[in-house]
Amino acid sequence: MLSTDRSLPNTGHRYVPQITSLDIPPSPNQELLPLTAKVNSSDNLEIGGCELRKLVEQYGSPLYILDEFTLRTACSQYRDSFTTYYSGESQVIYASKAWSCLAVCRIIDSENLGFDVVSGGELYTTLEAGVDKDKIYFHGNNKSVTELEFAVEVGCTIMVDNWLELKNLVQIASAKSEQPVPIMIRLTPGIECHTHEYIRTGHLDSKFGFDPNQLDEVFTYLSQQESLSCIGLHAHIGSQIFERQPHQDLASVLVDWMKKAQGYGLPVTTLNVGGGLGIKYIESDDPPSISEWVSAVSKAVENACNQAAVPLPKLIAEPGRSLIGSACVTAYTVGSRKEIPEFNTYIAVDGGMSDNPRPITYQSVYRAVVANRMSAPITEEVTLAGKHCESGDVVIKNAALPKTEPGDILAVMDTGAYNYSMASNYNRIGRPAAIVVYEGEANLIIERETYHDLIEQDRLPERLVKHQE
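Position one of the sequence shown corresponds to residue 1007 (the working numbering), numbered consecutively onward.
Check each hint, because a few of them may be wrong.
To be verified - Pairs of lysine to any residue residues, derived as SDA-like cross-links and limited to a Cα-Cα distance of at most 25 Å, are as follows:
1. K1266 x A1314
2. K1103 x P1188
3. K1141 x N1219
What the hints assert, rightly or not - Using C-beta positions, here's what the derived DEER-type ranges look like:
4. Q1268 x Q1177: 24 to 32 Å
5. L1170 x A1315: 31 to 39 Å
6. I1030 x E1232: 47 to 55 Å
7. D1217 x N1404: 35 to 43 Å
8. D1217 x K1265: 13 to 21 Å
9. R1112 x G1066: 17 to 25 Å
10. N1404 x R1469: 50 to 58 Å
11. V1371 x V1160: 33 to 41 Å
12. N1046 x A1315: 54 to 62 Å
13. P1412 x S1290: 27 to 35 Å
14. E1453 x Q1177: 19 to 27 Å
Hints in this document: simulated from the structure, not taken from any laboratory. Predicted, not measured: the structure shown is a model, and the values here were computed from it. From the three backbone atoms N, C-alpha and C, an ideal C-beta is built for every residue, glycine too.
Use the sequences and the hints to build the structure in full.
Have a look at this one:
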């Protein structure tokens, strides 16, 4: 049962969604907690009808807890918003680098979304989840020959990023495909947005995409290749974006390039505007809603097409973070405490940079609550530290929390995107389990790695085996 009270009792802040109707859920990317989150009569946090304290008792911690309702809501809001605001054909594809596993792919596929994959492994995962090849788009700036051959054999659309890849693909397609291989060309649009430097991908100084100055050369070359069919163009300007204007600027750039490509006789009738819509990680974050973002992009593309006097293209968007980021929390168990008078207090949890490397990599910020004592008042500001042998292993700096005790359950919010997918085995720590919750039922979707899993791929040279004997 959805709770319409979206307050976080131990933060001192009232958290009000954009829409509180049970029939019209708020935009998930504007929420700190999954849409089904509520505090039960025992003062415990529930998600998907499941109490976090009991989930940790059953599955251990750290634990990724994915709320299926929130994920499906984000999928439907993207899909339905494009139907509402864009007059032409559209397709939403999930940027699966955010979190690729069989269950996530199966849920998103059942919502009729497509998939953006960036490696042979992500392509294989989507196929194993039952995704149709026509809904898969293969990205990446340095695809190997083996990966390109795999993609050609599968028959998915390939997003071509550079000259080496393009020329390799011509040879592979000529040898392995009876039909022209569908491709889209990725271009660098020269549009910046105010995000972290490492996640800006749209400016001219980027490892991604052809330079706009190469357009004539690229289009001329493509017009001479019978083994390839260039059906569209793609550009991506970054991620965790709160601004609308960069995507509106991108629309006019892409439409101009599409018109230019058609002048070379290329069948370019699809434009991919990328993704990048941000989510709410802390109370002060204020991203546009999914519908607001889709409306702005759709209107910009339609206006650009009207000005250029060209038909509306098939419009593709590829959200990742804003589809799944807010649908998941990570549950940790509190361990040791270190107080440094007049300086800092460290609260350690049983995970950290191996299950969420974003704080140490991007200086990303998160919000946490004590899930087993939700109404406890805030009494201190602490550093929430991980357990890894690394001074920079900090989950949250300046975390406002009640005074914690060993065994408390902390829930760190908005961990669905780039947490499991970037997880590691640093310090030989196994990656956590993941579960999906829905209407009071919890199901394991990723097993917790064991010590045996950590050494399963290790090999000893024969001389070392003999030395031991």
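Here is what the structure says about each hint:
no.: 1; hint: K1266 x A1314; result: holds (11 Å)
no.: 2; hint: K1103 x P1188; result: holds (22 Å)
no.: 3; hint: K1141 x N1219; result: violated (31 Å)
no.: 4; hint: Q1268 x Q1177: 24 to 32 Å; result: holds (26 Å)
no.: 5; hint: L1170 x A1315: 31 to 39 Å; result: holds (36 Å)
no.: 6; hint: I1030 x E1232: 47 to 55 Å; result: holds (50 Å)
no.: 7; hint: D1217 x N1404: 35 to 43 Å; result: holds (42 Å)
no.: 8; hint: D1217 x K1265: 13 to 21 Å; result: holds (19 Å)
no.: 9; hint: R1112 x G1066: 17 to 25 Å; result: holds (24 Å)
no.: 10; hint: N1404 x R1469: 50 to 58 Å; result: holds (53 Å)
no.: 11; hint: V1371 x V1160: 33 to 41 Å; result: holds (39 Å)
no.: 12; hint: N1046 x A1315: 54 to 62 Å; result: holds (59 Å)
no.: 13; hint: P1412 x S1290: 27 to 35 Å; result: holds (31 Å)
no.: 14; hint: E1453 x Q1177: 19 to 27 Å; result: violated (41 Å)
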